[in-house]
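Novice: Chain residues, written in single-letter form:
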Amino acid sequence: MPDMIETKPLVLGLENVHTHIDQHHILQGVSLDVAAGGATILLGRNGAGKSTTLKSVMGLLPVSQGQIFFNGQSIETSKPYEIARMGMGFVPEDKAVLSTLTVAENFRLSMFRETEKSHEKLEGVLDLFPALKKFWKRQAGLLSGGQKQMLAIARVLVCDHTLLLIDEPSKGLAPIVVDQLAESLIQIKDQTKVILVEQNFRLAQKVGSDCFILDDGRVVFHSSMDELSRDKIMMKKYLGI
Amino acid sequence: MTTEPLNFQTRIYPFRQYTGWMIGIGLFLLPLIPMDLTTYLTLTVAGISLGMLIFLIASGLTLIFGLMDVLNLAHAAFFAFGAYAGFTVLNLLNNAGWIDSANLAQSLFYLALALGAAGLAGGALGMLTEKIVIKRVYGNHLMQLLVTVGVSFVIVEILKIIWGVNDEVVPVPMGFQDAFIIFGVFIEYFRVVAIFLGITIFVILQYILKKTKLGIIVRAGVENQEIVKATGYNISWIFTLVFAAGAALAAIGGTMMAIFNQAVDPGMGDQFLIFALIVVIIGGLGSVTGSFVGAVIVGLSFNYVAFLLPKMALGVNFMIMAVILLIRPKGLFGRD
Chain A
726 MPDMIETKPL VLGLENVHTH IDQHHILQGV SLDVAAGGAT ILLGRNGAGK STTLKSVMGL
786 LPVSQGQIFF NGQSIETSKP YEIARMGMGF VPEDKAVLST LTVAENFRLS MFRETEKSHE
846 KLEGVLDLFP ALKKFWKRQA GLLSGGQKQM LAIARVLVCD HTLLLIDEPS KGLAPIVVDQ
906 LAESLIQIKD QTKVILVEQN FRLAQKVGSD CFILDDGRVV FHSSMDELSR DKIMMKKYLG
966 I
Chain B
829 MTTEPLNFQT RIYPFRQYTG WMIGIGLFLL PLIPMDLTTY LTLTVAGISL GMLIFLIASG
889 LTLIFGLMDV LNLAHAAFFA FGAYAGFTVL NLLNNAGWID SANLAQSLFY LALALGAAGL
949 AGGALGMLTE KIVIKRVYGN HLMQLLVTVG VSFVIVEILK IIWGVNDEVV PVPMGFQDAF
1009 IIFGVFIEYF RVVAIFLGIT IFVILQYILK KTKLGIIVRA GVENQEIVKA TGYNISWIFT
1069 LVFAAGAALA AIGGTMMAIF NQAVDPGMGD QFLIFALIVV IIGGLGSVTG SFVGAVIVGL
1129 SFNYVAFLLP KMALGVNFMI MAVILLIRPK GLFGRD
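Protein sequences appear in the order of chains A and B. Residue numbers for the first sequence follow my numbering, so the first one is 726 and each next one is one higher. Residue numbers for the second sequence follow my numbering, so the first one is 829 and each next one is one higher.
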């Protein structure tokens, strides 16, 4: 694998990470280094282990072997809430909002510490997603699919994160909404490092600076997004494009 | 000649949206037919106070069963444990000779001491139960049933070892043995205290769940633990607190019921667990408002029917539950 973006400091490192879900051996030795700045995309077919990688990093799935470093600190045995407090944000797949809470309550929940700064940040986030302001008191479960996804991402932006893990944000969204989402993600990655799991290659290409391809629970390819776009053999072999 | 289209909903039956309320008020006033107004009012006050006592145990069950989805059959044991904790405090005060001479203010103070002790003891027991037992069986209803039945046996046996298997008479502060009369209705002070306490706990629970950050975290945690954990909250600790709060409410309800019945016995919780389950199901799982309304319905119907057809008193509550579930399978305030 070619070395990429080695000049920037590492935000996240996985060394030979194995994860089991029940009796299934999902991650079979994932190793990757993610440098600060921009957006890194995790690509791969369904079941390749992309979402499991994010959940393992976030501590939501126990790692059975290997090490995970976040900003130089070992976190593979840390609890999810401890990892979140270290500055890692996570947006699960399937428009993960708290549907019984209002939009306002979703944001209040996200502000782990309600400070003046977090309220200022909220103003900025609402400027990025103005539709959410309109539905401030509406129950999140009543929003449209696109609005739910906006809320799911906007929720994590009100905190001071150094790394955002976003799992398949475009899943089930109309193409026009995906375009809006891409614009938002481009703005977000300028401020915070983003690791994005994405099946929509067009969106990945638009947002991502570098990528890892996973297959059968292992990293099989690492390059810049531009390099991957030119490598038709790799794209055909691992992404079916 | 043109005629306006007939709007059935507004022309024939303009009060359609108030149907539920009208049926409710009709049923509430129905017992007036076979009894005089004074008896009706006496039974109504007694029914509401009984309802509030049932609400105290049901509100705890709402938190544990309705919100956290834990089938907790040890709730009755928490109730009995709280009753004995309160009884112990009242007994100590009685042995010191303070209860016999208590006026209303002093009686309220002694009650607060007994309830505080019951709440703390129940909360601590609940916390211990959650940490040692419940934590391992989240999401597994069958295991929850089995282990909480086991916990219940253990607690009841401990009560028997410490206080004996027989009933004990609970000393009631003198101030609560007085009564006042309004419109010919004889009202004991303790019933007013029970109503006041029930309403206070309802308001506090509603405020915490709807208006505070803790309430938002609890509601969010019930819906999606993954998101709450990934936001930075230690949800397992928060759930321990909710479980402890539910147990504390059961324990407070136990002390109130012990004073109401002037007796405690190790198996006293079983009968009230049935009431509490009916209330939680009528009101809708997880709804504190539902439990409050359900408790008032159960308290009133039990008292009216106990007066008119004593043998039907408990059975009528099962009938009400069946009718409500037929009309609204999720309960009166349950979410679809």
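Honestly, I wouldn't trust all of these hints.
[To be verified] Quick list of simulated restraints, FRET-style, between CB atoms:
(1) A:Pro787 to B:Ile1032: 52 to 62 Å
(2) A:Ile746 to B:Lys1041: 40 to 50 Å
(3) B:Ile960 to A:Gln798: 26 to 36 Å
(4) B:Trp1065 to A:Lys733: 50 to 60 Å
(5) B:Gly978 to A:Pro787: 52 to 62 Å
(6) B:Leu920 to A:Asp819: 54 to 64 Å
(7) A:Lys858 to B:Phe1014: 33 to 43 Å
Derived from the structure by calculation, the hints contain no laboratory data. Please read these numbers as outputs of a predicted model, since none were measured by experiment. Cβ coordinates follow ideal geometry from the N, Cα and C atoms, glycine included.
Novice: Compare the structure with each hint and give your call.
Specialist: Against the structure, the hints come out as follows:
{"no.": "1", "hint": "A:Pro787 to B:Ile1032: 52 to 62 Å", "result": "38 Å, violated"}
{"no.": "2", "hint": "A:Ile746 to B:Lys1041: 40 to 50 Å", "result": "33 Å, violated"}
{"no.": "3", "hint": "B:Ile960 to A:Gln798: 26 to 36 Å", "result": "32 Å, holds"}
{"no.": "4", "hint": "B:Trp1065 to A:Lys733: 50 to 60 Å", "result": "37 Å, violated"}
{"no.": "5", "hint": "B:Gly978 to A:Pro787: 52 to 62 Å", "result": "28 Å, violated"}
{"no.": "6", "hint": "B:Leu920 to A:Asp819: 54 to 64 Å", "result": "57 Å, holds"}
{"no.": "7", "hint": "A:Lys858 to B:Phe1014: 33 to 43 Å", "result": "58 Å, violated"}
The structure is inconsistent with the numbered hints 1, 2, 4, 5, 7, although it conforms to all the rest.
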